[in-house]
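Please take these sequences and the hints and turn them into a complete structure.
Protein sequence lines, in the order shown, are assigned to chains F and D.
If you read the first sequence in the UniProt record's numbering, its first letter stands for residue 1, the second for the next number, and so on.
If you read the second sequence in the UniProt record's numbering, its first letter stands for residue 1, the second for the next number, and so on.
Possibly wrong hints are sitting among the right ones.
Since the list gives no way to pick one copy over another, a pair counts as held whenever it fits inside one copy or between any two copies.
Mimicking DMTMM-like on lysine to aspartate or glutamate, the simulated pairs with C-alpha atoms at most 20 angstroms apart in a straight line are [as the list claims (entries may be wrong)]:
id, residue 1, residue 2
1, Lys-65, Glu-329
2, Lys-194, Asp-204
3, Lys-194, Glu-307
4, Lys-65, Asp-125
5, Lys-387, Glu-348
6, Lys-108, Glu-39
7, Lys-108, Glu-41
These are calculated hints, taken from the structure and not from any lab test.
2 protein chains.
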Amino acid sequence: MAKAQSSYAVILAFSLLVNLLVYTDGERELSWSKRAAQEAEQVAAISCSGHGRAYLDGLVLYGIKPVCECNPCYGGPDCSMFLTDCAANAGSGDPYFLEPFWMQRAAKSAILVAGWHRMGYSFPDGSYISTQLEASIHKVHAVVGNAVTKGKYIIFGAGSTQVLNAAVHALALENNSSSPATVVASIPYYRLYKTQTEFFRSVDYQFEGDATSLQNISDAGHVIEFVTSPNNPDGKLNKAVLQGPNSSAIYDRVYYWPHFTAIPTAANDDLMIFSLSKLTGHAGTRFGWAVVKNESVYQRMTEYMSESSSGISRDAQLRALKLLNVVLETGGREIFEFGYDTMKNRWEKLTNTLSVSNRFSLQKIEPQYCTYFQKIREPSPAYAWVKCEREEDKDCYKILEEAKVNGRGGSVYAAEERYVRLSLIRSQDDFDILIQRLTQLVKE
Amino acid sequence: MAKAQSSYAVILAFSLLVNLLVYTDGERELSWSKRAAQEAEQVAAISCSGHGRAYLDGLVLYGIKPVCECNPCYGGPDCSMFLTDCAANAGSGDPYFLEPFWMQRAAKSAILVAGWHRMGYSFPDGSYISTQLEASIHKVHAVVGNAVTKGKYIIFGAGSTQVLNAAVHALALENNSSSPATVVASIPYYRLYKTQTEFFRSVDYQFEGDATSLQNISDAGHVIEFVTSPNNPDGKLNKAVLQGPNSSAIYDRVYYWPHFTAIPTAANDDLMIFSLSKLTGHAGTRFGWAVVKNESVYQRMTEYMSESSSGISRDAQLRALKLLNVVLETGGREIFEFGYDTMKNRWEKLTNTLSVSNRFSLQKIEPQYCTYFQKIREPSPAYAWVKCEREEDKDCYKILEEAKVNGRGGSVYAAEERYVRLSLIRSQDDFDILIQRLTQLVKE
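Here it is as structure tokens:
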């Protein structure tokens, strides 16, 4: 009996041993990568109370571990302290609304970068562009159906920012006239169009402001029109105001994804710009791209990237590739459902909150059929374009600021001060505080 | 007896089990990071015969694994095939000579990037710049003693490339005169100075070529001089040719590291530019920085980075931080000894090879005391600046090309065609083939 028990114990022990060996097999293979993996998990395990996160390259205090970087209005070593008097941050378009999506897909979306990863300047074809990433970009557009990319060229840049100026540069040089090209946009427009175009002080182009002012001028010379569709700040599916042989449009389509808008049709513009920031939420990676029809424009934009920065960080390209491939795994279904649900719920909450009074109005967006979701879908814009309706509320930014809501004033978009943009794509914390502050304001 | 044996077996089994649990403890903690770590190790384990390497984002054939990317003159699925008729690649400055250094330090230099790493636009201080990385840059300069950075500003850019134009832009705006600033460099100079300055077609600056042509002109207006020290292509420790209140210098010091030159003293110029590419060998990461004394120049350069690309990829910054911290672990000792030994050996081999005939000469570099190594050190330049000495060998590039050596012709550096630059910082394979071809050539 004792012998039988002992034998049983031996068998059990060996069986556990074998199980453990098999179970840990994948891990036991790890050698040089283990340390980096452990470092990353240790940092990820730092508790920031759900109101912040620690990063691998965060500030290290007392040589121990990186500190929590808290969401606005939260503080303390673990971000658990709510700063009660704090103003809602509805300013910049940091796309933290997608952060939980990636946290939930930690295993799929992580990359381990070896110390010797792509040290050289170029890819095997001599270019600064990963052909794998280029292929994934074509696939994403094909799967989503938001842009026709077949037979077109792809150019990479540091976010949409760098790509935008590359496009202005290239189109300006397509101009045959001796005078500089005129660059315009329809009000309200994204401020960078103006600041960037003016900043470079090129002899080849000049920013002139409002596109509609040129509509009835027949000899405006060569005109480059920025068209943002959906528009930042108001979410409208804009089209070029100017037509004709002397006009070229740069279609900034960074918001043309199912998170933010119905996709009524695949865009087929000659020059379209997209960014990782508004697709996967990775603004910090600085990765954007243009889809270009004309070969000469493509060549000039490629030359721009080369002269400006010798191409885009290969680390940023590696990251973009991984993230896009996670998006593609489910044909975009997971990320776009997550993004659309989040943004639609936020819009509903915001409209409900403001509907209590007549003091503020929002842009009107109609439900529309989306070819991606194959159904009518509700509005889910990235930004609220708020109008202060009372005659005396001329400075809407100030009204909201006094109510502890920090948006961006209308003048930032060359519009009236009666308007304010509120960013809805930030963290859930930021959005929740925004709703709290607005609820209070409309009650008064 | 049987019972005793059984008990022994039980004890042994449990002891093994406990050992295994303890041994694998560090690994068993890994959860979400395991997959990325495994992927990276699998790719790193692909054999490319020491003549190439596979990358995580390499071309995948038949859906199996990334292909080997072979060094020039090697081919086949595992890079084991030497292409006998192939020309030596001594063209671009891809700093692969440091690749073995990082392969030998795989565990230290790897990073695991979580899917949600730094999705937002800015760091906690609102900037686009990692203060951790900034601190590491200050430390590297302090440890190496190659530049005085205390009390100076640091600006990040996409390699030296983007920083160079930011510097031209900023200095040009410091100009009080109404005419554009004149941009010059001393021949032979790095081609980008010319192409980039001309490319942006700014109203604020114009490239005028040779610095020495302005030396005796008293009213040249505001002049911006590019000074490369050590110089690309000839390795000379250049100083500004132009002096005076109307002249500003941009000191391109990307080669001012103990790999390539003695460090006679800590440089203390008003505007100095460095890059990760020539320090750690990571050209592909696109990370460079400027050390700037003047606050207004710093502000303008920072604005440039903002308007041009909304700052530098946070992924590139994370990578740079890890790599610099590995450098710092040994006070730079390991990497600079590796770099210096490699480059010194290559220079010796090259000089020995060419000394067989009088047909070719090299730039003269004297042994010099290095404050970093605290000894006299031998020459170890990044590039050979070869002169074809025979009267009839006017086109030196062609002479070398016919001997299957591809360098870069003198005209690329605004110099005579009698010169050719040979890159010595590429892979060991490239260097070995270069020596083979040159040995053959001088024998003839």
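Consistency of the hints with the structure:
Taking identical chains as interchangeable, the C-alpha atoms of Lys-65 and Glu-329 lie at most 20 angstroms apart only when they sit on different chains, with a minimum of 18 angstroms there against 34 angstroms within one chain. Taking the shortest Cα distances, Lys-194 and Asp-204 sit within 20 angstroms of each other both inside one copy (15 angstroms) and across copies (18 angstroms). For the homomeric pair Lys-194 and Glu-307, the shortest alpha-carbon distance between copies (10 angstroms) is at most 20 angstroms, but the shortest distance inside one copy (22 angstroms) is not. For the homomeric pair Lys-65 and Asp-125, the shortest alpha-carbon distance between copies (19 angstroms) is at most 20 angstroms, but the shortest distance inside one copy (42 angstroms) is not.
With identical chains, the CA atoms of Lys-387 and Glu-348 are at most 20 angstroms apart within one copy only, with a shortest distance of 17 angstroms there and 73 angstroms across copies. In this assembly of identical chains, the alpha carbons of Lys-108 and Glu-39 lie at most 20 angstroms apart whether taken from the same copy (18 angstroms) or from different copies (11 angstroms). Taking identical chains as interchangeable, the C-alpha atoms of Lys-108 and Glu-41 lie at most 20 angstroms apart whether they share a chain (14 angstroms) or sit on different chains (16 angstroms).
The structure shown violates none of the earlier numbered hints.
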